[in-house]
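Colleague: The primary structure of each chain is shown beneath.
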Amino acid sequence: MKALKHLLVVPLVLAFLISPAQDSKKAKAKLSPLPGTTRMLITGSAWFGYQGILNNTTDTDVTSNFNDYGFSPVFLWKLSDRLFFESEVEIGAGEFELEFAKLSYMVNDYITIGAGRMLTPFGAYGERWEPNFVEKFPNSPMETSTGSHLHRGAIMGVDVRGGLPLGSVKMNYVVFISNGPILDQSNGMVQYENLLEENNNNKELGGRIGILPFSNSSLEIGFSYKRGIAGNQGDSVYKDVAASAFAIDWNYVNDISAIKSTITFRGQYNSLSVDDAIYPVDESSKAAGTYTFDNKQTLYFAQLSLRPSLVGNKFFKNLELSFRLNGLTDPQDAAWGAKDKNGKGGTVTRTDLGLTYWLSWKTSLRTAYVSTAMPDDSNTNEFLVSFVYGL
Amino acid sequence: MKKIISILILVGGIGLGAFTIQSCSTSAMVQAKSGAQLWGENCKRCHNVASPSDYSDVQWDVIGTHMRLRANLTADEMRKIVEFLQSAN
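Protein chains in written order, with the numbering used here: chain A, 1370 to 1760; chain B, 518 to 606.
The set of hints was computed from the structure by calculation and includes no laboratory data.
Note that beta-carbon positions come from the ideal geometry of N, C-alpha and C, so glycine has one too.
Check before you lean on any hint, since a few could be wrong.
These stretches of chain A come out as covered by chain B in the derived footprint (C-beta under 8 Å, 3 or more residues) [said to hold, decoys possible]:
(1) 1497-1511
(2) 1538-1544
(3) 1583-1591
To give an idea of the interface, some chain A residues facing chain B are shown, with a C-beta separation under 7 Å as derived from the structure [claimed, not checked]:
(4) R1408
(5) L1410
(6) L1445
(7) K1447
(8) F1453
(9) S1473
(10) D1478
(11) R1530
(12) G1532
(13) P1534
(14) V1622
(15) W1730
Beyond 10 Å from chain A on every Cβ pair, some chain B residues (computed) [as the list claims (entries may be wrong)]:
(16) I521
(17) S551
(18) G552
(19) A553
(20) E600
(21) F601
(22) Q603
(23) S604
(24) A605
(25) N606
In isolation and in its complexed conformation, chain A is listed as follows (with noise of 0.2 Å):
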């Protein structure tokens, strides 16, 4: 742990000890832009989403709805050739969230210190894949349902990050230091949503290192890796619980002029454990005593996109099929999760078959057949349409 703090604090001083020899005077302008040089853009997108649910119904449920639908700008201000912010705000379903306000000083061209609630910089998905004009499916990569946020989330803390060119290969990384994730108790699970509210000293570190191997920067593949304390602050049980996950993340972008198409293969695997700890059995099955269990889940998805981007016919140009595999294991003996037929936690999988009509490069329709297999043999099967409108 002191060595991946270390890891934290080497980048801050190199920052100081490499950045260019600059005067106090010229530093100052830099950081204070003069009145009606700040450069802003809002961009963003809104959308519209419908669900016709297909089996697994009886006489009375719905299954047809206009289920989805959001505004999301998102602001962006050059304040110095150093310094910039960026914000999204999320409106959509009858809620309201800031998703993110970061402030972020370019210390040089290898090293930026960013502040704030920031997307959280494990894996690629939730910082580079999410946005909604890039996701190419009306849903989203199958995520937790316990809170954990292993593809997507925020933070609140400190990020220093940056680019570096090493010969034909680049390379890219993310260090940060963030409030930690918080332990339910009462039944082991580890939520990451974290705002304002902390239930311990400690704090998450974490990270990620990107590389890109080929000089046409067509293939990234990067590793990411983040622990912290999930116990409550001097709790005699639980306070040096901790919350450990990892995620290999790989995206391949090409244009394959034999098939005349651009295909996209992306995907992330991401692993979670929590620290052995023992729990109250719950009081409503009437048992007593305490109980442990192995505490990791697994999450991932695969997905493959196929755009005839090179063919001459603006129809078929502008379409894209594409596939997704989902899948998520939770804990065997855990108190929650999928359960297969034994009470015990099983994996749910979940294929997406998708087809996007492009009306702009950030503006499109997007349909998709989703089928998804629980633990318990049981499956629902769904067609979703959604509208997408780039701001």
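Since the structure of chain A is provided, determine the placement of chain B on it from the hints.
Modeller: Frame of chain A; chain B shown alone:
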């Protein structure tokens, strides 16, 4: 003993990191890439590629900085891409 090891890791890490970053350089082939080529290669990694005419010069400057931070583009890539978009819109 643990403290000494921690200090050694810290000093070693700073030294190695400084050496790595100071050694950052691009190959001649990468250095020769134009803004247009970098625009084509990098933007489509995550999303469809916008036309230069979609935004003004000032807006491209803002978007370029945003994407440098979001996608961890190198500073050199960002500068070339923004210059190309501003010249082509």
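Colleague: All hints, please: hold or fail.
Modeller: Hints versus structure:
{"no.": "1", "hint": "1497-1511", "verdict": "holds (count 5)"}
{"no.": "2", "hint": "1538-1544", "verdict": "holds (count 4)"}
{"no.": "3", "hint": "1583-1591", "verdict": "holds (count 5)"}
{"no.": "4", "hint": "R1408", "verdict": "holds, 5 Å"}
{"no.": "5", "hint": "L1410", "verdict": "holds, 5 Å"}
{"no.": "6", "hint": "L1445", "verdict": "holds, 5 Å"}
{"no.": "7", "hint": "K1447", "verdict": "holds, 5 Å"}
{"no.": "8", "hint": "F1453", "verdict": "holds, 5 Å"}
{"no.": "9", "hint": "S1473", "verdict": "holds, 6 Å"}
{"no.": "10", "hint": "D1478", "verdict": "holds, 4 Å"}
{"no.": "11", "hint": "R1530", "verdict": "holds, 6 Å"}
{"no.": "12", "hint": "G1532", "verdict": "holds, 4 Å"}
{"no.": "13", "hint": "P1534", "verdict": "holds, 4 Å"}
{"no.": "14", "hint": "V1622", "verdict": "holds, 5 Å"}
{"no.": "15", "hint": "W1730", "verdict": "holds, 4 Å"}
{"no.": "16", "hint": "I521", "verdict": "holds, 12 Å"}
{"no.": "17", "hint": "S551", "verdict": "holds, 13 Å"}
{"no.": "18", "hint": "G552", "verdict": "holds, 14 Å"}
{"no.": "19", "hint": "A553", "verdict": "holds, 14 Å"}
{"no.": "20", "hint": "E600", "verdict": "holds, 15 Å"}
{"no.": "21", "hint": "F601", "verdict": "holds, 16 Å"}
{"no.": "22", "hint": "Q603", "verdict": "holds, 13 Å"}
{"no.": "23", "hint": "S604", "verdict": "holds, 18 Å"}
{"no.": "24", "hint": "A605", "verdict": "holds, 15 Å"}
{"no.": "25", "hint": "N606", "verdict": "holds, 14 Å"}
Of the hints listed earlier, there is not a single one the structure fails to meet.
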